[in-house]
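Peer 1: Sequence:
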Amino acid sequence: MGELLFVIGLVVLAAALRCCRHFAARKLGAFTFLVASFFALYFLFGKNLLAGLCGAVAWFFLPWIELLTRIRRLRLPLENRLRFRVPPADSFFPNAAEAVDAMEEEGFEHATDSGWEWAGMKQFFRIFWNPEEKAIATVCLCEQEEVAFAFISITSKDGNGRIFRTTNFPFSPTLK
85 MGELLFVIGL VVLAAALRCC RHFAARKLGA FTFLVASFFA LYFLFGKNLL AGLCGAVAWF
145 FLPWIELLTR IRRLRLPLEN RLRFRVPPAD SFFPNAAEAV DAMEEEGFEH ATDSGWEWAG
205 MKQFFRIFWN PEEKAIATVC LCEQEEVAFA FISITSKDGN GRIFRTTNFP FSPTLK
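Heads up: the sequence shown begins at 85 in the numbering used here, then just goes up one per residue.
These aren't lab readings, by the way, just hints derived from the structure by calculation.
With a straight-line cut-off of 30 Å between C-alpha atoms, the simulated DSBU-like cross-links for lysine-lysine are: (1) K241 to K206; (2) K131 to K111; (3) K206 to K218; (4) K241 to K218.
Label-pair ranges, simulated between beta-carbon atoms: (5) F115 to G191: 45 to 55 Å; (6) H106 to P147: 16 to 26 Å; (7) F129 to I149: 17 to 27 Å; (8) G86 to W143: 23 to 33 Å; (9) N132 to E229: 46 to 56 Å; (10) T251 to W143: 30 to 40 Å; (11) G86 to V231: 47 to 57 Å; (12) D174 to L151: 36 to 46 Å; (13) K131 to F235: 52 to 62 Å; (14) R249 to E216: 12 to 22 Å; (15) C104 to V141: 24 to 34 Å; (16) F107 to L137: 19 to 29 Å; (17) F255 to W143: 21 to 31 Å.
These figures come from a predicted structure and were not determined experimentally. Just so it is clear, CB atoms sit at the ideal spot from N, CA and C, and this is done for glycine as well.
Please build the complete structure, drawing on both the sequences and the hints.
Peer 2: Given below as C-alpha cells:
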C-alpha cells in the first residue's frame, strides 16, 4: 500500500510541477513523471530494476507511435509562390468587408490581392500597407475541402529592425 501511495504522490507532484510558470519547474515535473513511471513498473514487477527502466524509457518512444500510425506521407509544393487572385464571393467570406473597413479606418491602404492553390487547399490574402507605421496587415482566408477559416495578421518593424507580428490565427503555431 505504501508503494502505491508513493507512486501516486510522485504523479501528483509531477502534475503540480508541470502547471508551474517557471521553466525549470516544468522540466522537473517532466522528470518526475519519468521517475513515477520507473517506480510504478519497478514495484509492479516485484522490484525489478529492468522493468522500472523500461517504464521510464517508454516515454521516449511515444512520439514514434504517432509517427508510425497517424501521420501520412507529407507532400510539400516545390514551388509555392503567391499569385494575383480574384477575391472570393462575399457569401463565402462574409467577414471580409468588416475586416477591410477596419483596416482602412486604421490608416492601411489596399496593396494587392493574392493567394495560392495546391492539392485542394486554397489560401487568399488581401494585403494592406500602412506607410506611416511601416506595417503590413493581411486578411487571410484558408480553405481546404469542407473547412474554411479566416484570420488577420499585422506585421511591423521598429527602428532597431526587430519584427513584431500579431494575429488571431485560430491554431497554435507549429514553428517558432
